[in-house]
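Residue strings, one per chain:
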Amino acid sequence: MTEQNLLQERIQLFHDTAEFKKTKRIPQISNFFTWKILDSEFTLSEALFDYNKMEKVVCDFHERYNFDAYTDLGTRNPVRVTNALGGYHYVIDDEKEVINIDDQVYFEPEEYPELIENPIKFIWTKVLPRKYKKLREKDALNSFKIATYEFLAYSEYNQRIIEKFVKEYQVPTLMNMQGGVLLHPLEMLFNFFRGIKGLSLDLRRHKSQVLEAIAVLEKMFVEPALAALDNPGSPTTVFDAYTAFLAHSILSPKQFGEFYWPTLKRIIDKLVATGKKMYIFSENTMLQFYEYFQDVPKGHLIIHVELDDIFEARKKLPNICFAGGMPADLLGYADEQTCIDYAKKLIDEIGRDGGYIFSQNKMMSFRNDCKRENLLAVTNFVHNYNG
Amino acid sequence: MNKEIDITTFPEGWNEVLKTLTFLPDDEARNEFLATLVLFLAQM
Numbered sequence: 000m001t002e003q004n005l006l007q008e009r010i011q012l013f014h015d016t017a018e019f020k021k022t023k024r025i026p027q028i029s030n031f032f033t034w035k036i037l038d039s040e041f042t043l044s045e046a047l048f049d050y051n052k053m054e055k056v057v058c059d060f061h062e063r064y065n066f067d068a069y070t071d072l073g074t075r076n077p078v079r080v081t082n083a084l085g086g087y088h089y090v091i092d093d094e095k096e097v098i099n100i101d102d103q104v105y106f107e108p109e110e111y112p113e114l115i116e117n118p119i120k121f122i123w124t125k126v127l128p129r130k131y132k133k134l135r136e137k138d139a140l141n142s143f144k145i146a147t148y149e150f151l152a153y154s155e156y157n158q159r160i161i162e163k164f165v166k167e168y169q170v171p172t173l174m175n176m177q178g179g180v181l182l183h184p185l186e187m188l189f190n191f192f193r194g195i196k197g198l199s200l201d202l203r204r205h206k207s208q209v210l211e212a213i214a215v216l217e218k219m220f221v222e223p224a225l226a227a228l229d230n231p232g233s234p235t236t237v238f239d240a241y242t243a244f245l246a247h248s249i250l251s252p253k254q255f256g257e258f259y260w261p262t263l264k265r266i267i268d269k270l271v272a273t274g275k276k277m278y279i280f281s282e283n284t285m286l287q288f289y290e291y292f293q294d295v296p297k298g299h300l301i302i303h304v305e306l307d308d309i310f311e312a313r314k315k316l317p318n319i320c321f322a323g324g325m326p327a328d329l330l331g332y333a334d335e336q337t338c339i340d341y342a343k344k345l346i347d348e349i350g351r352d353g354g355y356i357f358s359q360n361k362m363m364s365f366r367n368d369c370k371r372e373n374l375l376a377v378t379n380f381v382h383n384y385n386g
Numbered sequence: 000m001n002k003e004i005d006i007t008t009f010p011e012g013w014n015e016v017l018k019t020l021t022f023l024p025d026d027e028a029r030n031e032f033l034a035t036l037v038l039f040l041a042q043m
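Those sequence lines, one after another, are chains A and B. Oh and the first sequence: position 274 is 273 in numbering that gives the first Met the number 0, straight run, nothing missing. Oh and the second sequence: position 9 is 8 in numbering that gives the first Met the number 0, straight run, nothing missing.
Simulated from the structure, these hints should not be mistaken for laboratory data. It is possible that part of the hints are untrue.
As the list claims (entries may be wrong) - Facing chain A, according to a computed beta carbon distance under 10 Å, are these residues of chain B, among others:
{"hint": "1", "residue": "GLY12"}
{"hint": "2", "residue": "TRP13"}
{"hint": "3", "residue": "VAL16"}
{"hint": "4", "residue": "LEU20"}
{"hint": "5", "residue": "GLU27"}
{"hint": "6", "residue": "LEU33"}
{"hint": "7", "residue": "THR35"}
{"hint": "8", "residue": "LEU36"}
{"hint": "9", "residue": "LEU38"}
{"hint": "10", "residue": "ALA41"}
{"hint": "11", "residue": "GLN42"}
Computed from a predicted model, the values in this text were never measured in an experiment. Heads up, the beta-carbon is just placed ideally off N, CA and C, and yes, glycines get one too.
Generate the whole structure from the sequences, applying the supplied hints.
Here is the structure:
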């Protein structure tokens, strides 16, 4: 097989799996984030502040484990950019080997009308100065200039590492990050502006303004991304769109129907109309909302589940391709054979007829999330197991 | 990205930084770059 064929083989493998076709092996997605650094010769700070070291981390990781695609190539925590503006919300602790990210609350409920009137202007003039302290200082212009160049350096690294994986390793990009990110407006409010507690209260006390903000943010950010789905997909990218479920964790099924589903339904309808596929990383659990997804046609959604029982998920939603399932608890604490036995169970029970992508059940971040020998054993087994 | 954003509406001086980026040929390109950067900074 030529190198070029390997890239195409991987993409086809993912597409066939998402379309519930039986494949000769199960594709594997790496859901490893900072654990990759802990598995390398560098500390967290050394890798996060030096793109050459980060490149070595992700390349060594691929050469060691040989996944078919990656949720992260060292770009998840752009601390050089955020630190340039004094945004120290990523707290790196090299001794404890963790990165803590603060809950982000940057505006108050009475400011919803300003957000609704002009979201970008509001973010630029209100949110960013609150988030980045150097934008409030006398030398703000110079800090902005440094951050702009750091953003360009970050973008250059991102482009370089993607090209290296595509050309040198024949590993496709998992999702199209340029225009393919379809983040739900409620996720923006939850993750970047109002925080968990703030948004939870807003849903009850400021319902109409939250709904209005969702509508405005959808028009500004989601609609252009939906329009881009009319274009042909990238030949080196596996999935056409990407999103993440996090805000759903504070919603009841009824609230999911009010605040989340209408926008998500429009996204799904567009995916179906254009014959495209979207990869969703679902933190926490999502099966409490399974009834909403029952009528989604096969072949368009891939949901990476975290805390849901993936065997139950398969039964409740036979129309959805699932990713994940391999527990960090086993990879981190069990022996190799126990891990292999569980991987075999996953493939035998939910992967025989397509519709299952092998991956880890959480964003692998901490030292005890995994042992190297277990990961080597499991990735090798899955790569060679035909079911 | 929605192209209706006008960088002239934002605080004076910031767009001068973007004018030093020679790969951005005109206001439209600078406008789009700023919107991308603003969203990135808000999300990271």
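Structure-based check of each hint:
no.	hint	result
1	GLY12	5 Å, holds
2	TRP13	6 Å, holds
3	VAL16	5 Å, holds
4	LEU20	7 Å, holds
5	GLU27	15 Å, violated
6	LEU33	8 Å, holds
7	THR35	9 Å, holds
8	LEU36	6 Å, holds
9	LEU38	7 Å, holds
10	ALA41	5 Å, holds
11	GLN42	5 Å, holds
In summary, the one numbered hint that this structure violates is 5.
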